[in-house]
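Could you build all of it, start to finish, from the sequences and the hints given here?
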Amino acid sequence: MRINILQHTPNEGPGSIKEWSISRGHEIYVYHPYQFNGVLPTANETDMLIILGGPMSPNDSDEWILNERKLIKELLDHNTPMFGACFGAQQIAKTLGCSVGKALKEVGWAPVYLKSDAIEGLPQKLVALHWHEEMFEIPDQAELLFSSDLLENQGFVMNHRVIGLQFHFEPQADDVREIVVNDAQYTEGSLLKKSPKEILNHSVPEENKEVMFKLLDYITK
1 MRINILQHTP NEGPGSIKEW SISRGHEIYV YHPYQFNGVL PTANETDMLI
51 ILGGPMSPND SDEWILNERK LIKELLDHNT PMFGACFGAQ QIAKTLGCSV
101 GKALKEVGWA PVYLKSDAIE GLPQKLVALH WHEEMFEIPD QAELLFSSDL
151 LENQGFVMNH RVIGLQFHFE PQADDVREIV VNDAQYTEGS LLKKSPKEIL
201 NHSVPEENKE VMFKLLDYIT K
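First residue of the sequence shown: 1, per the UniProt record's numbering; consecutive thereafter.
Some clues are possibly wrong.
[Stated by the list, open to error] Here are the simulated distance ranges between beta carbons:
hint : residue 1 : residue 2 : range
1    : Glu45     : Leu150    : 35 to 45 angstroms
2    : Ala173    : Gly97     : 33 to 43 angstroms
3    : Asn79     : Glu188    : 40 to 50 angstroms
4    : Ser61     : Glu120    : 23 to 33 angstroms
[As the list claims (entries may be wrong)] The calculated lysine-lysine pairs, modelled on DSBU-like cross-linking and capped at a C-alpha distance of 30 angstroms, are:
hint : residue 1 : residue 2
5    : Lys125    : Lys221
6    : Lys193    : Lys115
7    : Lys102    : Lys70
8    : Lys105    : Lys115
9    : Lys209    : Lys193
The set of hints was computed from the structure by calculation and includes no laboratory data. For glycine and all other residues, C-beta sits at the position ideal for the given N, C-alpha and C.
Structure follows, in C-alpha cells:
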C-alpha cells in the first residue's frame, strides 16, 4: 500500500506512523506542500493519506491549503483510509463543511478520555501531547472519539475509514525534543501551564504508540 504523508512543518514528522507503515510492509511518500510549491499527490496514487500538524490554519487562504482539501474531498468520496493530526484533522473537518475556530490554548502533556466504543481495545484515559489553539466541529457523519478536560472535541472517527485527532499520539521521544527545541515559545499562554523543560522531562507514554498502531489498523482493515 502506498501511504502519502502531508507534512506541514519540519519539526512535526510522522513519528510512530512511520514505524507502523514499515511494520505493515507499506511504502511511505512524504510531501511538504508548504515548502515545495504546493506539490501534492494525486488521488489515484494514494492508498492511504496521513495529514500531519502545522502552525497554519485551515482558515488561511494559501492555494496549497485549498488544494489539500480538494484532495481530501476526492479521497473521502473514494472511501480511502485517512488520518489527520491537529491541522490535519482540522482540514478534514473543514472539507466536510465544519467550522474551525479559536479554542483554549493547550500546549503540553495532558489526559484525553475515550468517548466511543467504535474501536476495540483502547484505554479509557491516555496522556497525549497537545500543541494547538484551534478546534474543529465534529462532522455530522462522524462520532466523537476523544475529549480532554478543557476541550470536548478532541477527536472523531468516521465510516471505519477516517480518524481526526486534535492532539498527538504519534510523537516519540526524539520527535518531542524536535518539537520543543524549535517551538518552545509556543508554550506561552497555554492553559496547561507547562514549561518547555517540563514537556521535555515528561516521558512519552508507552501505550501511545500501541494506540496509534490500533487506530491505523482500524482504518485500513
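Verification of the hints:
Under the hint 35 to 45 angstroms, the C-beta atoms of Glu45 and Leu150, about 39 angstroms apart, fit the expected range. A hinted range of 33 to 43 angstroms for the beta carbons of Ala173 and Gly97 is consistent with their spacing of about 38 angstroms. Checked against the given bound of 40 to 50 angstroms, the beta carbons of Asn79 and Glu188, roughly 42 angstroms apart, stay inside it. Checked against the hint of 23 to 33 angstroms, the pair Ser61 and Glu120 fails, with Cβ atoms roughly 41 angstroms apart.
A C-alpha spacing of about 24 angstroms is found between Lys125 and Lys221, which places the hinted pair at or below 30 angstroms, so the restraint holds. Distance check on the hinted pair: Lys193 and Lys115 sit about 25 angstroms apart at the alpha-carbon level, within 30 angstroms; holds. For the hint linking Lys102 to Lys70, the alpha-carbon distance of about 23 angstroms falls within 30 angstroms, and the restraint holds. Annotation: proposed proximity of Lys105 to Lys115 holds, straight-line Cα distance about 21 angstroms (limit 30 angstroms).
Distance hint between Lys209 and Lys193 is fulfilled; the C-alpha atoms sit about 25 angstroms from each other, no more than 30 angstroms.
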